[in-house]
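A.B. asks: Each chain, written out:
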Amino acid sequence: MAAVSLTRRRWRRFRANRRGLVSLAIFLAIFVVTLCAELVSNDKPFLVIYQGHVYFPVLRSYPETTFGGDFDTETDYRDPYIVDRLSSGGNAMFRPLNPHGFDSINQALDQPVPSPPSRHNLLGTDDRGRDVLARLIYGFRLSILFGLALTTIGTLLGIVSGAVMGYFGGRTDLLCQRFIEVWGSMPELYLLIIFSSIFTPSVTLLLILLSLFGWIGLSDYVRAEFLKGRNLDYVTAARALGVGNITIMVRHLLPNGMTPVITFLPFRMSGAIVALTSLDFLGLGVPPPAPSLGELLAQGKGNIDAWWLSLSSFVVLVGTLMLLIFIGEALREAFDPRKQ
Amino acid sequence: MLIINDLSVRFTAAGQEGWAVKGLSLSVGQGETVALVGESGSGKSVTALTILRLLETVSPVENRGQVLFNGQDLLTLDEPGMRAIRGNRIAMVFQEPMTSLNPVYPVGSQLLEPLLLHQGMGPVEAQREAIRLLDRCGIQEAERRFHHFPHQLSGGQRQRVMLAMALACRPDLLIADEPTTALDVTVQAQILRLIREIQVETGMALLLITHDLVMVRKIARQVSIMRRGEIVESGPTEEIFRSPQVAYTKELLASMPNGERQGNTIGETVLSANNMVVEFKEKTSFFGRRGRVTRAVDRVSIDIRHGTTYGIVGESGSGKSTLGLALLRLITATGEIRYLGRDLSRCPAKDLRHVRRDLQIVFQDPFSSLSPRQTIGQIVSEGLWVHEPGMGREEVAARVAQGLLEVGLSPEMTSRYPHEFSGGQRQRIAIARAIVLKPKLLVLDEPTSALDMTVQAQIISLLRDLQAKHQMTYLFISHDLRVIRALADDLAVMHRGSIVEQGRAATIFAAPQHPYTKALLAAAFTSPGSLAEAVDQG
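Chains as they are written, first to last, in my numbering: chain A, 1 to 340; chain B, 1 to 538.
Rough simulated footprint, nothing fancy, chain A against chain B, three-plus residues with beta-carbon under 8 angstroms: (1) 323-332; (2) 366-372.
Sample of chain B residues with no beta-carbon within 10 angstroms of chain A, all distances over it, derived: (3) D6; (4) F11; (5) P60; (6) T76.
Hint data in this document are derived by calculation from the structure and do not stem from the laboratory.
Heads up, the beta-carbon is just placed ideally off N, CA and C, and yes, glycines get one too.
Can you build the whole structure from these sequences, using the hints too?
C.D. replies: Structure, rendered in structure tokens:
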């Protein structure tokens, strides 16, 4: 009877699922890399040594005059004149692995856009001459961050509303349930279309609109857990001790009602990513030139013969969702109370 | 008829070690009643399931030895041969009548199954026989009940149906695995009497598996005591009860709550309740029509005196637990509750929190009363954080350690989780949580009924010691009259929500007035062997 904490036993069970563990490792690796996307894929060099001085163009913008150019505007590091100045003599310029930003247009293309994969654009360019690999890297990051934010907000709202309904029950529960029924029957997509024509579409607006509806499903599960738990003896015992309502909810009911929340987390996350992608695909999502998987998919549909567009964005999307599902499976197993 | 020779059973699944049953030998002759007694985990149910070879369908097992039934070794019999015996020659009644009937079929159609299967009766004939069986097993209006679903029957009725099913094929041997544990005492007595009568009528042998020594003494002629998979002692019931040879048997017999408390008659009122009513409204319709109102507690008045134990006794559904919760204002009730002269029933929630430290509760089920996600330290210290906000971390730890010591646990256990403890230890933890605040009144809601006999005795003596040491007042709720007699100074007998009799415990036990109290006492304290003899002669 070893005194092993619940968390540690769960982590052990999670690790026992090889597929989930490998998926988590791959996912985290890709996510960390894309978090520093500016250093991995950028049209600006991350380090310039010019006449003995060190410059970091990724972090700060320098006017062209700094490097002996003519204009006061920000340096274009792909201008042959600047490239020549920065790489001759004792000067040096260090470019990221993929020397393209998500919105930088490759002017030096010798083919009509969208151009197929080449030595300069590893995954080709899209129909505006932007590098596909760069857009995928930035698009992945935006999708994941959006998914995380939407999941966090939705989960918090869902837990709080479900907890209140389940714990207090009775009239509170009845009123909240009726409100949810009305709220849940509003046409979400329709509202999105209306709002994106009234306001300028932005990531924040999308996040707010999707959050307004995203909590409903989860709150039902949390409500059920709290309804079940509030009559258990240990809750009555806590009330007999004089413990306050909020403390009981947080310390006694929440830890025991977390199973559905944690099990649903990865699935909510992939749901959020799919939602953003589909809105982008329909043209209702983030405004251009934001990098987005959905917009790339739409381009692929518009240019059927440009296979590199649809194939690459498809692979990234499916890969991401699959990793999340595998992680989710492992999580669910780790939290399964029937497994010892 | 049934001879078990040197039977050993082992679970072979990974992570399971040791023999669940070791070298068990037993024999049951025709018309005989043999009891197999042991605490939970002693291997008595495993033995029963092995006789019918029901275990191997659930988990991989290894059997050794012989189970001879009418000269045939059941352990080597093939599956079709086994099927001809199961339910036909050997029948079994399980403990839980709530779960052993299929809820989606009427009880009658479930009863038809063995008749059609083993007896080869036609549908019409089978139905007539099934109704006769129900009638024989004491189901009134058997013809109507035949079409009822399990949820429409009470626990006792369901156990009668189970019995009717078991008896349908006139088996040679009935294995009854804790047949009455889930039932009330008065119903228990009826079921046992019924089994006994049928035994006399048909010459059926009975293997009774139980932890209830009182029942064994009433019904069995032979008894085998089991512990950790082995039989430690066996012989005629009266002999074993009179002069047990083995230390474990002695301990088991000594753990039967015995004796009467020397009634404490002084002490001033700590908590009193006047005209308490708890009502549960059944679902009201959306348009405001009133649903039916059930009175769980009906105009109850009690008076609990300082330093004494107030016993509340009653069968399941009599409202005794509800009363306990209502007295602590954990559920809404009407009526007056006075604690040390202060009116709790009109006390606002904020002030009530301060009173709560004086009024604590311990529940029946130690598995649901401890939060599975908190450590023992967190569980026991919770009340201190609420009521002693100025207390430092070290002082709290010291109080928790002291509380654990007082209930006989090691203070080093604070970082462990409840699932690592046994039922008895968990109940000790629950008591520690209650007494760490040094309460004046402790409500004990069936604190021992989920525990084994020997553990029950330990918990009762712990409660006695704590009461003597801290001058605590107990409200002890129980269905077990023996426990109540051993502990209570005052007594209230509850029946269907109201108190039918109350007063000094000694007086009530000596001369019960109300017919219901008389019936309860008769069921609980029948003299040894009385049932067997009464039926033999009748």
